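Undergrad: Given only the sequences and the hints, what does the whole structure look like? Please build it.
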Amino acid sequence: MANDEIGLLLNEIGNGLAHDKEYPLDGTFVYAEAAPAMVSTSIFKDLGDHLLFRISTNMVDDLILDLWDAAPTDRRWAAMQYWIAGGKFTASFTYPEEFDPEESVRERRDRILQQRYGNKRVVYPPL
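Just so we're aligned, residue 1 is where the sequence shown starts under this note's numbering, counting upward by one.
Since the hints were derived computationally from the structure, they do not count as laboratory data.
Predicted, not measured: the structure shown is a model, and the values here were computed from it.
Just to be clear, a hint being listed does not mean it is correct.
In silico EDC-like cross-links for lysine to aspartate or glutamate, where the CA-CA straight-line distance does not exceed 16 angstroms [stated by the list, open to error]:
1. K120 with D46
2. K88 with E12
3. K120 with D49
4. K21 with D46
5. K120 with D110
6. K88 with D26
Across the chosen pairs, the derived CB separations fall in these ranges [unchecked claim]:
7. E107 with P24: 26 to 36 angstroms
8. L8 with T57: 15 to 25 angstroms
9. H50 with H19: 15 to 25 angstroms
10. M38 with L8: 16 to 26 angstroms
For glycine and all other residues, C-beta sits at the position ideal for the given N, C-alpha and C.
TA: Next up, the structure:
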């Protein structure tokens, strides 16, 4: 995957996240896991005293899958952390060999939220 393509797709993910006009883009954190034709995306807005979970859109999920598909098959990542602060995005990737096979997607996501935000409360939308 060329760095230009990576940058374009990561920028497009930010543009897709910007469609959520109800809350500021700054302070957005995304945790996504991907595999062939599958993505699990969790979006959180840091509202100071708590995190607000936002449901991902098909557009954001498709862009994350495009990013995963664009990676060389021998170096496909399994998870991505993407956050926006100060008008800029930062992304990091975790590879399958770095995963604990006993840990579920939700356990990994919750662990990463704990590392990043401590015990900050997460508010989920009503079912």
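Undergrad: Work down the list of hints and note, for each, if the structure agrees.
TA: Right, here's what the structure says about each hint:
1. K120 with D46: 9 angstroms, holds
2. K88 with E12: 13 angstroms, holds
3. K120 with D49: 7 angstroms, holds
4. K21 with D46: Since the Cα atoms of K21 and D46 sit roughly 15 angstroms apart, the hinted pair holds (cutoff 16 angstroms).
5. K120 with D110: Measuring from Cα to Cα gives roughly 11 angstroms; hence the hint holds.
6. K88 with D26: 8 angstroms, holds
7. E107 with P24: 26 to 36 angstroms: 29 angstroms, holds
8. L8 with T57: 15 to 25 angstroms: 19 angstroms, holds
9. H50 with H19: 15 to 25 angstroms: 22 angstroms, holds
10. M38 with L8: 16 to 26 angstroms: For L8 against M38, whose Cβ atoms are near 23 angstroms apart, the range 16 to 26 angstroms holds.
When each numbered hint is compared with the structure, no violation occurs for any of them.
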